[in-house]
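Engineer: Residues per chain, in single letters:
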Amino acid sequence: MKYKDYYEAMGLPRTATQAEIKAAHRKLARKFHPDLNQKADAEARFKDVGEAYQVLKDPEKRAAYDRLGEKPDNAEDFRPPPNWNDGFEYSGRGDKSGTQGDFSDFFESMFGGGEGAQRYHPSMHAAGQDHHAKVVIDLRDSFTGAQRAITLQMPVADAQGHVTMQSRTLNVSIPKGIRAGQRLRLAGQGGAALGKGPSGDLYLEIEWREQTRYRVDGRDVSLDLPIAPWEAALGADVTVPTPDGSVSMTVPRNSANGRRLRLKGRGIPRATPATPTGDLYVVLDVVLPPADTDAEKAAYGALRDAFKFDPRANFTGDST
Amino acid sequence: MTSLITLYLQGEIVEESIEFTLGELSRASGASTEQLSLWVAEGAFEPRGEATLAWRFSGSALRRAATAQRLTRDLGLNAAGVALALDLLEEIETLRTRPNR
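The listed protein sequences correspond, in order, to chains A and B.
If you count by the working numbering, then the first sequence holds residues 1 to 320, one letter each, in order.
If you count by the working numbering, then the second sequence holds residues 1001 to 1101, one letter each, in order.
Bound conformation, chain A alone:
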């Protein structure tokens, strides 16, 4: 078990007052809250801060923790000294506010289970809880629909009311037209009821798998299409990749760099008859080939001679 430095987690000296601890907690909770901070380590930091606060905000727990001393020698493989908490009395789950119980081994062995730990009374009748999970899908899955086997860790209560995590695999149809940020509801697939209540529902929150080619905005999808200067100038028939196979498209003559061409109805398909189909936007990205060989240099030279083109013609006069 690893020793946790709760003062370090909150960026406070060990002499901090209770008011300073509260203020630091509020500030760091806002900073690292997973709903407000998209960075990958934000959730872990948020949990660390929450755990530290559970101990430091409570003068008795704090005093017991302080008795362990600063950075014990065995910090990496920490064992609490015998009778370390003599003379302190606390229940371990006094108030129910704050973060959900998902604390480190260190916390659990010092202060008992996290406050979110649930114990059901076996004679209780209650509807099963709704469960939530995230599912990562490819953009293509939304174009074609897909079938996925999804493995979930679910808390299951036994006859005595003890809750254990069990893994459960579900085969799920990913419907056409579903988008990141949306949720799929699977009725009755959430937590089992206690006694005679109805089962809860399972909500699957959809996320896109990371990819670099397409950008998604609502139902519309856009991609950058590299084209040669002569394709932009003379027009061309090009093949455009879409998440659902390739399509042919005509680049109009004299297209400027950055021009957006719309392929109507080629975005994310409709999910229900009432919803519109998205469009695919192709943004032209004119790529200049480097002039390395003599022949290539001559070709650019011929362009210069043919055009008498001054791209800075409107930069005349004074510069103000």
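Hints listed in this document are in silico derivations from the structure and should not be mistaken for laboratory results.
It is possible that part of the hints are untrue.
[Unchecked claim] Okay, the calculated beta carbon distance ranges per label pair:
no., chain 1, residue 1, chain 2, residue 2, range
1, B, 1048, A, 245, 36 to 42 Å
2, B, 1096, A, 140, 19 to 25 Å
3, B, 1098, A, 288, 24 to 30 Å
4, A, 159, B, 1088, 44 to 50 Å
Note that beta-carbon positions come from the ideal geometry of N, C-alpha and C, so glycine has one too.
Starting from the known structure of chain A, arrange chain B on it as the hints suggest.
Structural biologist: Only chain B this time, still in chain A's reference frame:
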């Protein structure tokens, strides 16, 4: 040889085809009906229907309610703070997906 037929569960897309009553939204989001009523009074949610019992929330309210519930629980925001945070978070998301507009 036996043939295996795998059954795939068909779900409903919450944002496209579901409406919630106050009780259903409370259960799915983890927010209490009292909290949800406060947020409605603050204008953070706009259900159809006049009387509380007739309220129907759109499917997209679930995501907002779940966020609101976490912000209230973790940061101690009041209803006005929740309403402001939800609006700002939505604006940030729009700016992220459309940086050039």
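Engineer: If a hint holds in the structure, say so; if it doesn't, say that too.
Structural biologist: Hints, one by one, checked against the model:
no., hint, in the structure
1, B:1048 to A:245: 36 to 42 Å, "holds (40 Å)"
2, B:1096 to A:140: 19 to 25 Å, "holds (22 Å)"
3, B:1098 to A:288: 24 to 30 Å, "holds (28 Å)"
4, A:159 to B:1088: 44 to 50 Å, "holds (47 Å)"
Hint check: no violations occur; every hint is consistent with the structure.
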